[in-house]
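**Student:** Heads up: the protein sequence lines correspond to chains W and L, in order. Its first residue numbered 1, the first sequence is counted upward by one per residue in our numbering. Its first residue numbered 1001, the second sequence is counted upward by one per residue in our numbering.
Keep in mind the hints are simulated off the structure, nothing from the lab. Misleading hints may appear alongside valid ones.
[Unchecked claim] The following label-pair restraints were derived from C-beta to C-beta distances:
# : chain 1 : residue 1 : chain 2 : residue 2 : range
1 : L       : Gly1051   : W       : Glu325    : 33 to 43 Å
2 : W       : Gly330    : L       : Gly1112   : 55 to 65 Å
3 : L       : Ala1090   : W       : Ala9      : 44 to 54 Å
4 : W       : Gly172    : L       : Gln1042   : 53 to 63 Å
5 : L       : Gly1112   : W       : Gly335    : 28 to 38 Å
6 : L       : Arg1110   : W       : Asp40     : 38 to 48 Å
[Claimed, not checked] If you want the footprint, here are the derived chain W segments under chain L, 3+ residues with CB under 8 Å:
# : segment
7 : 19-25
8 : 90-104
Every value quoted in this text rests on a predicted model; they were computed, and no experiment measured them. For each residue, glycine too, the CB sits at the ideal point set by N, CA and C.
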Amino acid sequence: MSTPKSGNALDALLGRMKAAASPLREALLEIHGQYAPVMDGVVASYIPELALADPNWFGLSVVTVDGQSVDVGDHQQTFTIQSVSKPLIFGLALEDQGREAVLAKVGVEPTGEAFNSIELDEVSNRPYNPMVNAGAIATADLVAGKDLPDRVKRMLAMFGRYVGHPVHVDNGVYMSERSTGHRNRAIGHLMLNFGMISDRVDDTLDLYFQQCSVLVTAHDLAMVGATLANGGVNPVTGERALRQEFVRDLLSVMYTCGMYDSAGQWVYEVGLPAKSGVGGGIVAVVPGKLGIGLFSPPLDSKGNSVRGVGACVELARRFGLHLFESGFTGPDIVGELNPRRARGSG
Amino acid sequence: MATIVSVHSFRGGTGKSNSTANLASLCAQQGYRVAIVDTDIQSPGVHVLFGIDEAQAPRCLNDFLWGTCRIDEAAVDVTPVLEGGVEPVAGRLFVVPSSIKSDEIGRVLRDGYDVGRLNDGFRALIKSLALDLLFIDTHPGVNEETLLSLAISDLLVLIMRPDAQDYQGTAVTLELARRLEVPEILLTVNKVPPSLDAVKLRVDVARTFGVEVAGVLPLNLEMVEVASGGVFVTRYPEHPFTRELRVIAGRITVAAAPAARRA
Ligand SMILES: Nc1ncnc2c1ncn2[C@@H]1O[C@H](COP(=O)(O)OP(=O)(O)O)[C@@H](O)[C@H]1O
Ligand SMILES: [Mg+2]
């Protein structure tokens, strides 16, 4: 695990220049160029604010556990985090309540059901996992705080530690989610009815709608991934975003349940813990190495960014990132950050 | 794969732009495909030596950095300028100028740009023009363009005058170049007054900095007269100063040869 290089501005600047000059940047550009022309998928439109996204937006970022980053395309374009927030809220709940209390309220079993399914595990009386909406609402319920504003403040501060700067809620998206989120409201009240969540259900739904409406960039998501890859410490600020003991909890549910109901295909093909959101964002984690942030609004039928999935598949293939890969003889992705790594003839 | 040569000095007016233009021209005359990118965004100048005006260069590096054109669209083929010399030119020479419009210079300084894009531009230019050699003319001192150019260059041509301030600055640049692992560094002492013993100066400088001194170039009155109105080596192909420069150019192409030798 790396420690922050605070105070050494020159080191940071030289690091930035090396990353900008690195073969990894060229590889990301190539992958970006390969998927940018893909016009498949549709932009989410269940609320009008999301439909405003430009379908051409496509950003790609990598941040290493040393805090080096490579960003290409629309990596500074903001979008709402949506479901990518779910594992992070799960982490906050774990810190607030402890593992045992959290697991009493939400399982860690993947379901083949869609993310917004009302399916609940009646045997254990809890939602299947924190990545489906029901489970996310149950985990949001566990976020501590004396009242709603306090809980929202704690939630935003937590995101801020992952990305390394203060974050904000997109109010348009939030108000829209809030006024049209009948299905989520129904899920919340159904769970209240079963005694699965506490009676502050309206506050919790509000918290949930706000957590989904937090604005991030592809670079921010890569930073989230890098923080999780780095044992819970943001590699640039050196600030801890998540207790080390819970990092594996998050990565495990991301691995098995992170990509909506295409989790099996994802694990087979990419083999990395990841989480996608209907805003077009995807975060993927290479533990001990780096985080990947991808953003492009058009979604496939499962709700995952088409270009994001494609680019991630390609990255994993080129650099042997699949967790079960062994004896890979191709290039090491971290080594590709060194501008002095001999380039192929071209 | 092309060889990337950064031409740099810690202080201004040392002769970076003139050296870049002359060395690049000599390499092109030897048959290499060469380009110069003027990354001295704050005080561009190398275009002047090739007589590039706005009509010839409607686009420039700034447009590329803002994403409004491809970098090769900003490249001007200046090979005909070299053909004013004695021999027909076997290679090619292109220049990517930087904008001299004050508002465009101001905009880059105010808004900055993604320095990674500059690297993307160098790589794209190498590819699309099938370059053997890419020369990067830089702004004096330490800034992002310069550090990036050091980070990617295979060879650094570091220019200094025999001046106490230049000595200090050169030491700073050398430290940065070493930290950015520049594989090869050639030091050139320029504007050496006739009163100084060039041989002794070469030995002293090499000993002070521990790097190869590729050339000791005199203060050249004909060059003062040319006054950046042309490329010296094409105007005075047989001048002793040109012969000195040819030695440095030879040194650069030797460095380039293993990678850039063309079939
Ligand atoms: N060896 C030299 N002898 C005389 N004048 C020179 C010599 N080298 C450069 N000059 C002159 O010095 C001035 C600055 O040169 P230039 O190449 O623009 O420097 P830089 O790009 O480092 O600022 C120009 O007028 C140029 O003609
Ligand atoms: Mg100059």
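**Student:** A separate judgement is required for each hint: does it hold in the structure or not?
**Tutor:** Evaluation of the provided hints:
For the pair Gly1051 (chain L) and Glu325 (chain W), the supplied restraint of 33 to 43 Å is violated, since their beta-carbon distance comes to about 56 Å. Taking 55 to 65 Å as the suggested C-beta distance range, the pair Gly330 (chain W) and Gly1112 (chain L) does not conform, at roughly 35 Å. Taking the beta carbon of each, Ala1090 (chain L) and Ala9 (chain W) are about 47 Å apart, inside 44 to 54 Å as hinted. Distance hint check for Gly172 (chain W) and Gln1042 (chain L): the Cβ-Cβ separation is about 41 Å, which falls outside the suggested range of 53 to 63 Å.
Between Gly1112 (chain L) and Gly335 (chain W), the C-beta spacing of about 29 Å keeps the proposed range 28 to 38 Å intact. At about 39 Å, the CB distance of Arg1110 (chain L) to Asp40 (chain W) agrees with the hint of 38 to 48 Å. With 4 residues having a beta carbon nearer than 8 Å to a beta carbon of chain L, the segment 19-25 of chain W meets the requirement of three or more and the stated coverage holds. With 0 residues having a Cβ less than 8 Å from any Cβ of chain L, the segment 90-104 of chain W misses the three-residue criterion, and the hint is violated.
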